[in-house]
Amino acid sequence: MTNYEKYLNVFEETFSITAEEAEHLEYQAIPAWDSVGHMGLIAAIEDCFDIMMDTDDIIDLSSFEKGKEILGKNYGIEF
Amino acid sequence: MWDISSFGSNTALLDEFGRSVTYAQLASEEERIAGHIGKRCLVFVLCQNTIGAVAGYASLIDNGIVPLLLNAHLERGSLDSLIEQYHPSFLWVPEEMAGTFPAAESVYGSYGYKLLKTGYSDRYELNPQLCLLLTTSGSTGSPKFVRQSYKNVESNARSIVEYLRLDETERPITTLPMNYTYGLSIINSHLFVGATLLLTEKGLMQKEFWSFFREQKATSFGGVPYTYEMLDRLRFYRMDLPSLRYMTQAGGKLTPELHKKFAEDARKKGRDFVVMYGQCEATARMGYLPAERSVEKCGSMGIAIPGGKFRLIDDEGQEISEPYTPGELVYEGPNVTLGYAENVDDLQKGDERKGVLQTGDIAQFDESGYYYIVGRKKRFLKIYGNRVNLDEIDRLLKGKFGQIDCASSGIDDHMYIFITDPSLASGVKDYVVGKTGLNPAAFEIVVIDEIPKNDAGKTLYKELARYFQRS
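For the record, the sequence lines run as chains S and R.
The numbering used here applies: residue 3 is where the first sequence begins, and numbers increase by one.
The numbering used here applies: residue 1068 is where the second sequence begins, and numbers increase by one.
Treat the hints with care, as some may be off.
Label-pair distances were calculated between CB atoms; the ranges are [said to hold, decoys possible]:
id : chain 1 : residue 1 : chain 2 : residue 2 : range
1  : S       : Asp49     : R       : Arg1305   : 16 to 24 Å
2  : S       : Ser18     : R       : Gly1466   : 20 to 28 Å
3  : R       : Gln1425   : S       : Tyr77     : 28 to 36 Å
4  : R       : Lys1211   : S       : Phe51     : 43 to 51 Å
5  : S       : Asp49     : R       : Arg1533   : 47 to 55 Å
6  : R       : Phe1468   : S       : Gly74     : 17 to 25 Å
7  : R       : Leu1308   : S       : Glu67     : 42 to 50 Å
Don't read these hints as lab results, they were simulated from the structure.
For every residue, glycine included, the Cβ atom is placed at its ideal position computed from N, Cα and C.
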């Protein structure tokens, strides 16, 4: 599985949504992505890529796109 | 209630967009809003942590008008049914929602809120002591509300001011919904001392929240157990927040591990971490663990607040005098609320509790009189700080799905709903999520062959515990 597929998968699983819904998702756009859901999402991303995210990155991850950018820039995960 | 105008040029409300309202401005806004209502009546307030919501609420309370507080995000079906049952004379709602009440007439607006006149004839009678109405949990759209009196609200707020030693230099930032008793108690107590409320709809997991926190130098916030789990994950201990003076925790029992972590970190940084205990039925607060004992008495919810008293009773109703003997926690104090309202006729009822509340929590005390919650008498869970009644969930499911065989149980923050028909699993989950407005992560649907019952047909909930008990 590519990193992109893995990343997409985390969103699909965490929020029980389809790939199409995941790809343009933003924080609070669906009820499941609230602060509680965010914590679950971060835990799943950290598990999936075996990383520990910084506080600033956790609170900056406000959309599917933004997450990719953060993972690429600060954690060396290539998409 | 509050002596708003006496704090003149102090800032009362400040939001994340830089808008602010002084106490003097709030006092005149209070008069304008109340002027358009013109009488003591019932008003539904759809709450957000915004200036409009707080200004409207303060105006109603200060002018003897009775607000019923609901979350602005309450599921629409539940809201409509509550309006139908209670016939409020007015609604105070966010501007963007005003258009969704075509039958109501907009008579005034300020700070992003609109006052809508419903046209219902107010045939209900309001007991003179009745100050406001709050849901017990803020969820499921149940028509059951807690009736709080003027004396309840004032005595509880003053008690909080005393034990937290609040003054006008405080700047609490909102982290809890305003229609939730704990969130409201922060607003109520700080308006008494002329402090500044920092209002935001943003949450802990958003960058904007922390920018607002730092720019406006927040001095305190409150959180339910889940809030502290999130802060733990955010590695809160490493965050640079020089303006923060203290944090409070209520709305359920924090794990002793997290209690210790936050208490020790606070001590190291010269801040206070105050674990508290309360219920909507006691206005908000009943107990608190003084910050200086927070590390030493880890896991305890403390002692009764100023003006209140705790005792424990055994199954026969006898008072327990031996330490470490569990019994039901009973609280006495001026903040014990009048009782419940389950329909509009109940609004005329007086004081049914006479200052005594059986909390439904099982507690014990240590040799120095500090209380520890060890269990619960009733079937409910606290989910993200919200009380969710398990029997009510079962009833709702049976009402919605007809012949369904189901039983709900679980531990705090994790509800397990047992069903026998696998084809209903996703429908059940969606329904409960929609009804409670809580994150789906809190609910697990478990399909089993049979719901265990005794010969009389009563569900044996204890036998379900093996599916979720941590070993």
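Can the suggested window of 16 to 24 Å be confirmed for the beta-carbon pair S/Asp49 and R/Arg1305?
Distance hint for S/Asp49, R/Arg1305 holds at roughly 21 Å.
Given a hint of 17 to 25 Å, does the C-beta separation of R/Phe1468 and S/Gly74 actually sit inside it?
Cβ of R/Phe1468 to Cβ of S/Gly74: about 46 Å, so the range 17 to 25 Å is violated.
S/Asp49 paired with R/Arg1533, Cβ distance criterion 47 to 55 Å
Once the Cβ atoms are compared, 27 Å apart, the range 47 to 55 Å for R/Arg1533 and S/Asp49 is violated.
Beta-carbon spacing of S/Ser18 to R/Gly1466 - inside the hinted bounds 20 to 28 Å or not:
holds (25 Å)
Is it true that R/Leu1308 and S/Glu67 lie within 42 to 50 Å of each other by Cβ?
With a Cβ separation near 29 Å, R/Leu1308 and S/Glu67 fall outside 42 to 50 Å, so the hint is violated.
Supplied distance hint 43 to 51 Å, evaluated on CB atoms of R/Lys1211 and S/Phe51
Hint holds: Cβ distance 46 Å, inside 43 to 51 Å.
Outcome of range test on Cβ distance (R/Gln1425, S/Tyr77; 28 to 36 Å):
Violated - the Cβ-Cβ distance for R/Gln1425 and S/Tyr77, about 53 Å, lies outside 28 to 36 Å.
The structure does not agree with the numbered hints 3, 5, 6 and 7 stated previously, though it agrees with the rest.
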